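Peer 1: Order-wise, the sequence lines are chains F and S. As numbered in our numbering, residues 1 to 240 make up the first sequence, in order. As numbered in our numbering, residues 1 to 400 make up the second sequence, in order.
Hints in this document: simulated from the structure, not taken from any laboratory. Being a predicted model, the structure only gives us computed values, none of them experimental. Incorrect hints may have been included.
Unchecked claim - With a straight-line cut-off of 25 Å between C-alpha atoms, the simulated DSS-like cross-links for lysine-lysine are:
1) K166(F) <-> K31(F)
2) K165(S) <-> K89(F)
3) K89(F) <-> K188(S)
4) K120(F) <-> K89(F)
5) K149(S) <-> K132(S)
6) K311(S) <-> K388(S)
7) K51(S) <-> K132(S)
8) K124(F) <-> K311(S)
9) K143(S) <-> K355(S)
10) K31(F) <-> K83(F)
11) K83(F) <-> K388(S)
12) K188(S) <-> K149(S)
13) K188(S) <-> K165(S)
14) K391(S) <-> K15(F)
15) K165(S) <-> K51(S)
16) K83(F) <-> K391(S)
17) K166(F) <-> K83(F)
18) K63(F) <-> K124(F)
19) K166(F) <-> K120(F)
20) K165(S) <-> K140(S)
21) K311(S) <-> K83(F)
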Amino acid sequence: MYAIEVAKLTKIYGKGETAVTAIADATLQVKPGELVAILGPSGSGKTTLLTSIGLINEPTHGKVVIDGITVADERWLPGLDLKRLRREKLGFIFQAHNLIPFLTARENVMVALEINHLTKNEAKARADELLTSLNLGHRLDNYPSALSGGEAQRVAIARALANRPKVILADEPTAALDTENGKNVMALLKQLAVENRSAILVVTHDHRMVEGFDRIFTVSDGKIIGEKINGNTSTSQALA
Amino acid sequence: MNLAIRDIRYHSGRFILTSIGLGLLLGVVMSMGGIYRGLFGDALAVLDATKGDIWVVQQDTNGPFAENSRIPEDIKYRIRAVPGVAEASPLSFQTIQIERLGKPFRFFLIGYDLNGFGGPPVIVAGRNIRQKHYEMVVAKAMKMAIGEKIHLGLHDYTVVGITGKVVSAGGDPAAYVSLADAQDIQFKKDNDAIRNDRERIGANLAGMQNISPGQAKFLQQNIAAITESTHTVNTIVARLAPGADLHGVQERISRWNHFRPISVEEQTKILTKGMIEKARMQLGLFRIILLVISGVIISLIIYTSTIDKIKVIATLKLIGSQNRVIIGMILQQSLLMGLIAYFVGYGLILLTYDKFPRRIVLEAQDLQGLFVIVMVICTISSFVGIRKALKVEPAEALGG
């Protein structure tokens with residue numbers, strides 16, 4: 001079973017003459033434990049693809065299945081609790097880490113757990129465990145403003161992993177980091193994908209980081225134009 | 001985890017300063033309420049201290065506090081004779097402004113019969129008036145020392161005692177002298193005026209052809225005595241015997257010409273409705289305006305604070321946070337701000353209320369009412385921020 005299944009996904013913004021097709025007929029699958037990139041220039045539609053999979057943007061056409069649950073078939077399926085699905089099935093990592101500035105590193109992880117109805121003690125234990133495993137045990141009570149870029153991004157990763165999601169969606173997670181920190185984050189994501197059996201889908205235009213991915217989809221003008229698997233080009237157009 | 005508390009803890013300086021600012025505003029609202037209550041207290045101070053049942057005043061007037069009322073002092077004997085009246089005592093009132101220590105010095109002079117009632121309700125220092133002349137008891141607010149002298153009318157008066165917070169309806173502190181002294185101060189003419197009056201009366205009588213010089217002299221002496229008499233008072237206050245019929249006594253006195261018997265209830269109405277109603281409305285309007293301003297300020301602060309947290313709110317939404325978590329964060333901050341501001345205002349007014357030039361009366365029910373109003377305003381004010389927060393799209397968390 002795939003963790004992510006997208007079939008003929010189309011997203012059109014606006015109507016009539018002003019309509020803009022952000023993504024057209026996108027089809028992809030990601031297995032548990034896979035680290036997959038969506039690579040493309042700005043405005044190519046990769047973030048729209050991510051937000052459609054992330055239950056933020058309702059697709060105009062197509063089908064989205066997350067961990068075996070069909071969430072969209074032409075449109076959101078009625079009766080779905082999207083917030084609950086996001087809480088339980090998805091983890092998000094952002095370009096600028098998006099840590100809550102008035103919460104400490106530990107509290108930033110705890111908040112995701114408490115939202116998912118864990119008790120304070122359970123949340124604290126899990127947050128400490130996660131942050132310690134990411135070598136942030138000495139930074140538990142630090143506010144984001146006191147963390148380095150790499151540390152803050154690792155806290156964000158810990159928050160994304162907190163509820164053991166089946167799918168992790170990352171939006172340019174290395175864009176704000178230097179090469180070394182970027183590579184560390186990519187290595188960490190790779191490790192987590194394997195250890196937690198999570199499907200990790202990363203949107204990026206950072207060519208420095210492409211080596212670490214299992215597969216890379218290339219997006220241009222709203223279309224998936226290429227797919228590269230472990231160094232092999234499987235579609236008609238090679239990855240540049 | 002309480003996000004509101006965490007945010008406040010992180011931005012404590014900004015939050016506390018804002019709350020203090022708001023607290024100062026609420027302190028003003030509280031003082032307005034206190035001044036309003038104080039107006040009532042001031043207006044009724046002399047009425048309450050006198051503990052009379054009926055105030056007999058000049059016909060067609062509203063009594064000594066609202067307008068001029070002059071009646072002969074000796075009517076007190078007639079009033080005492082009315083069935084149901086236990087005692088009656090004459091009182092004289094006048095507002096005096098003199099120069100003292102180079103500054104205007106204004107007070108409310110009450111003259112009372114030393115053998116009757118209506119004198120100082122309490123003596124907090126010194127003693128009560130014992131001599132018929134030239135002694136006075138002053139309210140604490142006049143800031144005079146015992147033994148200090150003050151020149152009024154034609155004579156000097158010595159402060160022999162200090163009384164508590166007795167003021168006129170206008171808020172001027174009260175001073176007590178004997179009725180005779182008060183009448184002298186109010187009605188006694190100076191020597192030149194007396195001489196002029198006597199000359200004028202004598203000249204008028206001398207011009208009358210049909211009276212003899214002996215009759216003219218007799219008339220001159222009697223008319224002069226009447227014009228020079230100071231036995232006039234502003235009111236005579238009667239206390240009723242237990243079980244006496246108030247309306248019956250009023251009815252009886254009303255039948256005499258030239259007098260109006262006003263019950264305490266009517267006097268209270270004259271004082272509160274007639275004299276301080278406009279001030280009450282003015283203060284009420286100020287309070288409403290200040291509360292509206294407070295509401296607008298809270299709304300703006302909460303809205304700005306919500307705008308500052310757009311990315312945080314979007315992130316919370318993206319990771320699946322329930323709306324109640326976000327609403328709770330905004331609402332709790334608003335309520336906490338109101339709570340802190342309320343107690344800052346309360347503390348401020350507690351520390352300063354006795355330094356106000358006018359009396360501030362803080363009543364528990366007013367303060368509790370204001371607390372509820374502040375909480376309601378905070379709740380309503382937070383709606384602007386909540387509305388904004390609920391409109392935030394989770395997608396706003398994405399991007400740089």
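Peer 1: Now look at each hint and say whether the structure bears it out.
Peer 2: Against the structure, the hints come out as follows:
For the hint pairing K166(F) with K31(F), the CA-to-CA distance comes to about 10 Å; that is within 25 Å, so the pair holds. For the given pair, K165(S) sits about 73 Å from K89(F) by alpha-carbon distance, which is inconsistent with the 25 Å threshold. For a cut-off of 25 Å, the pair hint linking K89(F) to K188(S) is broken: about 99 Å separates their Cα positions. For the hint pairing K120(F) with K89(F), the CA-to-CA distance comes to about 21 Å; that is within 25 Å, so the pair holds.
The straight-line distance between the Cα atoms of K149(S) and K132(S) is roughly 16 Å, inside the 25 Å bound, and the hint therefore holds. Of the supplied pair hints, the one linking K311(S) and K388(S) holds, its CA atoms being roughly 12 Å apart against a limit of 25 Å. As the CA atoms of K51(S) and K132(S) are separated by approximately 23 Å, the hinted pair is consistent with the 25 Å bound. With a CA separation close to 24 Å, the supplied pair K124(F) and K311(S) stays within the 25 Å bound.
Only pairs whose Cα atoms come within 25 Å are accepted, and K143(S) paired with K355(S) is accepted, the gap being roughly 13 Å. A distance of roughly 23 Å separates the Cα atoms of K31(F) and K83(F); the hinted pair therefore holds under the 25 Å criterion. The hinted pair formed by K83(F) and K388(S) meets the criterion: a straight-line CA distance of about 19 Å does not exceed 25 Å. For the suggested pair K188(S) and K149(S), the alpha carbons sit about 20 Å apart, so the restraint of at most 25 Å is met.
At roughly 29 Å between alpha-carbon atoms, K188(S) and K165(S) are farther apart than 25 Å, so this suggested pair is violated. A threshold of 25 Å between alpha carbons decides the hint, and for K391(S) with K15(F) the separation of about 22 Å falls inside it, so the pair holds. Of the supplied pair hints, the one linking K165(S) and K51(S) holds, its CA atoms being roughly 16 Å apart against a limit of 25 Å. Using a Cα cut-off of 25 Å, the hinted pair K83(F) and K391(S) holds, with the two alpha carbons roughly 15 Å apart.
A hinted pair counts as satisfied when its Cα atoms are at most 25 Å apart, and K166(F) with K83(F) qualifies at roughly 15 Å. Of the pairs offered as hints, the one joining K63(F) and K124(F) is violated, with about 37 Å between alpha carbons and a cut-off of 25 Å exceeded. The hinted pair formed by K166(F) and K120(F) meets the criterion: a straight-line CA distance of about 23 Å does not exceed 25 Å. For the given pair, K165(S) sits about 7 Å from K140(S) by alpha-carbon distance, which is consistent with the 25 Å threshold.
In summary, the hint linking K311(S) to K83(F) is supported, as the alpha carbons are separated by about 17 Å, within the 25 Å threshold.
Comparing the model with each numbered hint stated earlier shows that hints 2, 3, 13, 18 do not hold.
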